[in-house]
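Chemist: The chain contents come next:
Number of protein chains: 2
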Amino acid sequence: MAQTARRWYLAKHANADIEADTFEFREEPIPALKDGEMLVRSIYLSLDATNRVWISTWDQYMDPVNPGEPMRGFVCGEVVESKNPAFQAGQIVAGMHSWSDYFVTDGATFSAFPALPGIDLSEAFGTLAIAGPTAYVGLINVGEVKAGETVVVSAAAGAVGMMVGQIAKLKGCRTIGIAGGPEKCARLTEEFGYDEAIDYRNEDVAARLKALAPDGIDLLYENVGGQILDAGLAAMKNFGRVVICGLISTYNQSGGPVPGPYMFRNVIMRRLRIEGFVILDYVEEMPGILQELAGWMMEGKLHFRVHVVDGLEQAPDALKMLYTGANQGKLMVRIGNEPG
Amino acid sequence: MAQTARRWYLAKHANADIEADTFEFREEPIPALKDGEMLVRSIYLSLDATNRVWISTWDQYMDPVNPGEPMRGFVCGEVVESKNPAFQAGQIVAGMHSWSDYFVTDGATFSAFPALPGIDLSEAFGTLAIAGPTAYVGLINVGEVKAGETVVVSAAAGAVGMMVGQIAKLKGCRTIGIAGGPEKCARLTEEFGYDEAIDYRNEDVAARLKALAPDGIDLLYENVGGQILDAGLAAMKNFGRVVICGLISTYNQSGGPVPGPYMFRNVIMRRLRIEGFVILDYVEEMPGILQELAGWMMEGKLHFRVHVVDGLEQAPDALKMLYTGANQGKLMVRIGNEPG
Chain D
29 MAQTARRWYL
39 AKHANADIEA
49 DTFEFREEPI
59 PALKDGEMLV
69 RSIYLSLDAT
79 NRVWISTWDQ
89 YMDPVNPGEP
99 MRGFVCGEVV
109 ESKNPAFQAG
119 QIVAGMHSWS
129 DYFVTDGATF
139 SAFPALPGID
149 LSEAFGTLAI
159 AGPTAYVGLI
169 NVGEVKAGET
179 VVVSAAAGAV
189 GMMVGQIAKL
199 KGCRTIGIAG
209 GPEKCARLTE
219 EFGYDEAIDY
229 RNEDVAARLK
239 ALAPDGIDLL
249 YENVGGQILD
259 AGLAAMKNFG
269 RVVICGLIST
279 YNQSGGPVPG
289 PYMFRNVIMR
299 RLRIEGFVIL
309 DYVEEMPGIL
319 QELAGWMMEG
329 KLHFRVHVVD
339 GLEQAPDALK
349 MLYTGANQGK
359 LMVRIGNEPG
Chain P
29 MAQTARRWYL
39 AKHANADIEA
49 DTFEFREEPI
59 PALKDGEMLV
69 RSIYLSLDAT
79 NRVWISTWDQ
89 YMDPVNPGEP
99 MRGFVCGEVV
109 ESKNPAFQAG
119 QIVAGMHSWS
129 DYFVTDGATF
139 SAFPALPGID
149 LSEAFGTLAI
159 AGPTAYVGLI
169 NVGEVKAGET
179 VVVSAAAGAV
189 GMMVGQIAKL
199 KGCRTIGIAG
209 GPEKCARLTE
219 EFGYDEAIDY
229 RNEDVAARLK
239 ALAPDGIDLL
249 YENVGGQILD
259 AGLAAMKNFG
269 RVVICGLIST
279 YNQSGGPVPG
289 PYMFRNVIMR
299 RLRIEGFVIL
309 DYVEEMPGIL
319 QELAGWMMEG
329 KLHFRVHVVD
339 GLEQAPDALK
349 MLYTGANQGK
359 LMVRIGNEPG
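For the record, the sequence lines run as chains D and P.
Position in the first sequence counted from 1, then plus 28, gives you this note's numbering.
Position in the second sequence counted from 1, then plus 28, gives you this note's numbering.
Careful, some of the hints might be misleading.
Same chains, same names: a pair is fine if it fits in one copy or spans any two.
Claimed, not checked - As a list, the in silico SDA-like pairs of lysine to any residue whose alpha-carbon atoms are at most 25 Å apart:
{"hint": "1", "residue 1": "K197", "residue 2": "F267"}
{"hint": "2", "residue 1": "K265", "residue 2": "W82"}
{"hint": "3", "residue 1": "K265", "residue 2": "L61"}
{"hint": "4", "residue 1": "K238", "residue 2": "A114"}
{"hint": "5", "residue 1": "K62", "residue 2": "A354"}
{"hint": "6", "residue 1": "K265", "residue 2": "E172"}
{"hint": "7", "residue 1": "K265", "residue 2": "E313"}
{"hint": "8", "residue 1": "K111", "residue 2": "F131"}
{"hint": "9", "residue 1": "K174", "residue 2": "F267"}
{"hint": "10", "residue 1": "K199", "residue 2": "N169"}
{"hint": "11", "residue 1": "K265", "residue 2": "D91"}
{"hint": "12", "residue 1": "K265", "residue 2": "N43"}
{"hint": "13", "residue 1": "K174", "residue 2": "V306"}
{"hint": "14", "residue 1": "K238", "residue 2": "W86"}
{"hint": "15", "residue 1": "K197", "residue 2": "E224"}
{"hint": "16", "residue 1": "K265", "residue 2": "T85"}
{"hint": "17", "residue 1": "K238", "residue 2": "V93"}
{"hint": "18", "residue 1": "K329", "residue 2": "Y89"}
{"hint": "19", "residue 1": "K174", "residue 2": "R299"}
{"hint": "20", "residue 1": "K265", "residue 2": "S84"}
If you're looking for bench data, these hints aren't it; they were derived computationally from the structure.
On a predicted model such as this, the values are computed, not experimentally measured, just so you know.
Please construct the entire structure, taking both the sequences and the accompanying hints into account.
Modeler: Here's what the structure looks like:
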């Protein structure tokens with residue numbers, strides 16, 4: 029059994045770019061287990077846009093990660109040893125912990141991660157840990173989507189966006205996805221079932237939205253912010269809803285405060301409702317949501333694409349991919365092998 | 029009886045400042061009445077922040093006023109002659125028409141304006157025509173305000189703001205008003221029942237909001253936008269609501285697109301709901317709302333302050349007062365004398 033754990037620590041806050049010395053890699057002894065604890069060997073680490081928020085000094089929705097603390101993330105792994113009666117050695121578990129190859133936890137944020145017949149652990153974890161529930165809650169609980177509506181999704185080829193499009197189709201909507209580059213746009217319509225795709229790198233998003241949704245957008249599922257959000261706000265239907273899941277385009281900007289959307293006055297002109305949410309607020313709804321998502325996966329109704337980067341030491345560089353759009357699918361780091 | 033009418037026309041759109049040649053004053057013959065029409069002698073013209081929106085080229089919530097068309101406004105007046113069976117000579121009516129001393133209308137947007145015993149027509153019209161219903165709908169229908177909540181109101185000494193504070197108190201809330209200058213701030217607490225007042229010209233609004241609402245704002249009733257809105261967004265409680273009634277600070281800005289709130293990311297961090305509304309969408313709810321407002325007025329529970337400018341020819345200059353905060357109360361133009 030491993031005697032030491034390798035772990036990424038936050039060395040300094042980052043409000044603009046992530047730099048070479050933002051994180052620090054350390055190796056340290058694994059402490060002996062106390063009663064109620066378990067030792068977990070990490071298999072996959074989920075990299076999510078919100079990780080970027082945690083390492084900033086902004087007011088945020090939970091405690092930030094401070095310099096000197098282990099970097100936080102959503103992980104799944106195998107229980108190596110357990111002194112917690114709720115978990116047994118050999119189990120696959122998922123929860124929120126650190127960017128580490130081994131870690132000790134009291135299991136507070138952890139639960140057993142069910143095996144889904146015929147579905148890889150990478151895909152199941154990638155879908156069910158964060159991205160799928162985030163897509164579901166934003167679209168259904170917050171956005172109150174209805175059949176027949178026109179739904180527009182930004183970062184539509186991203187981890188959340190690919191799920192939003194498919195769930196919206198399952199709910200009877202017309203879907204328009206926005207992504208960067210012809211390859212991702214082809215994927216939107218061919219792989220993720222979007223009715224239409226807009227390539228923000230090569231097309232005028234505002235003009236294309238007006239052409240594709242001449243009667244306006246009922247529900248805008250926003251992951252990006254900035255110019256993409258402005259194009260969406262300009263194309264909203266009266267009384268439309270804008271669900272703010274992420275504003276990734278604004279997280280890495282340096283040079284002072286980042287302006288909000290220039291079309292903000294449309295909140296009055298079009299009588300919009302703009303609502304933000306954080307998936308961690310929906311713990312109580314999660315069992316039902318996971319059951320519905322897992323059901324769709326088993327029936328082959330949800331297609332998912334993962335982008336796996338190998339090796340814990342790559343995690344900081346991999347995280348940067350989210351802000352350039354370099355990842356091709358849900359971004360994860362493979363820290364250790366799947367069992368068996 | 030008058031043979032000619034004097035009337036303001038829009039000469040050119042204004043996206044930035046209102047200029048000397050934005051409007052044009054004309055005198056023209058009063059046409060003979062057709063069946064279904066009436067001739068109205070104007071008494072009061074209401075000047076409202078939204079007038080500014082109508083003369084811009086922005087996408088907006090109703091048709092803009094175009095160059096060459098009479099300038100639009102909310103007016104009350106006395107019926108001089110009627111060929112419309114719904115109205116009789118001598119009646120006081122209110123509705124949406126033009127900046128004119130006499131006008132002919134089919135009465136489509138007009139209704140009889142009830143006399144409220146003991147209440148001046150200027151005050152009754154000022155309260156019930158636009159400002160009172162706007163305050164009510166934003167706070168109750170859109171904002172879903174609840175007793176015990178902390179409500180913050182910007183432009184709190186303005187026509188709408190003075191009503192929002194008082195209605196929020198009637199509903200059992202704690203109220204904090206933001207206005208410009210010590211005179212207006214004194215009025216907030218002494219005349220309009222606000223619990224606290226913040227002078228944005230002489231105080232740090234963000235710091236004062238944090239001090240006065242250390243647990244956060246439940247409901248922000250926004251009339252201003254810009255830095256005031258940013259200060260409010262920074263002080264919101266998790267899951268708070270932001271009702272956008274107006275963004276007057278942004279309507280007159282020249283020099284290109286106006287940025288949205290810099291604290292926009294708090295829509296996620298604090299999981300906010302931001303919702304805009306336009307009072308004209310609430311026609312069906314209006315009878316009940318007017319009855320409740322009139323009831324409060326008759327019981328002496330709503331105090332109102334009007335700022336009356338004399339003379340139709342002053343209307344364009346008076347409108348500019350709304351954007352500098354020069355008016356001391358609900359801004360109206362007296363076009364003609366009250367009857368009797």
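Chemist: Give a verdict on every hint.
Modeler: For each hint, the structure was consulted:
In the homo-oligomer, the alpha carbons of K197 and F267 lie at most 25 Å apart inside one protomer (21 Å), although the nearest pairing across protomers, at 29 Å, exceeds that limit. For the homomeric pair K265 and W82, the shortest alpha-carbon distance between copies (19 Å) is at most 25 Å, but the shortest distance inside one copy (34 Å) is not. Proximity of K265 and L61 under a CA criterion of 25 Å is satisfied in neither setting, with 57 Å inside one chain copy and 40 Å between copies. In this assembly of identical chains, the alpha carbons of K238 and A114 never lie at most 25 Å apart, being 54 Å within a copy and 43 Å across copies at closest.
When the C-alpha separation of K62 and A354 is checked against a cutoff of 25 Å, the pair qualifies neither within a copy, at 42 Å, nor between copies, at 69 Å. In this homomeric assembly, K265 and E172 come within 25 Å of each other (Cα to Cα) both inside a single copy, at 15 Å, and across copies, at 23 Å. Taking CA atoms no more than 25 Å apart as the test, K265 paired with E313 passes between copies only; the shortest distance there is 22 Å, against 30 Å inside one copy. For the identical chains of this complex, K111 and F131 are intra-copy neighbours only, at 14 Å inside a copy versus 86 Å across copies, given an alpha-carbon limit of 25 Å.
Both within a single protomer and between protomers do K174 and F267 lie at most 25 Å apart by alpha-carbon distance, with minima of 14 Å and 23 Å respectively. Taking the shortest alpha-carbon separations for K199 and N169, only the intra-copy value of 13 Å comes in at or below 25 Å, while the best inter-copy value is 29 Å. For a Cα distance limit of 25 Å, the shortest separation of K265 from D91 across copies, 16 Å, qualifies, whereas the shortest one inside one copy, 37 Å, does not. Proximity of K265 to N43 under the C-alpha cut-off of 25 Å is restricted to the inter-copy arrangement: shortest distance 23 Å between copies versus 35 Å within a copy.
For a Cα distance limit of 25 Å, the shortest separation of K174 from V306 qualifies both inside one copy, at 21 Å, and across copies, at 24 Å. Proximity of K238 and W86 under a CA criterion of 25 Å is satisfied inter-copy only: 16 Å between copies versus 35 Å inside one chain copy. Proximity of K197 to E224 under the C-alpha cut-off of 25 Å is restricted to the intra-copy arrangement: shortest distance 12 Å within a copy versus 50 Å between copies. Taking identical chains as interchangeable, the C-alpha atoms of K265 and T85 lie at most 25 Å apart only when they sit on different chains, with a minimum of 18 Å there against 36 Å within one chain.
In this assembly of identical chains, K238 and V93 lie within 25 Å of each other by CA distance solely across copies; the values are 24 Å between and 41 Å within a copy. In this assembly of identical chains, K329 and Y89 lie within 25 Å of each other by CA distance neither inside one copy nor across copies; the values are 33 Å within and 40 Å between. Both within a single protomer and between protomers do K174 and R299 lie at most 25 Å apart by alpha-carbon distance, with minima of 18 Å and 22 Å respectively. Taking the closest pair of Cα atoms, K265 and S84 come within 25 Å of each other only across two copies (20 Å); inside a single copy the shortest separation is 35 Å, beyond that limit.
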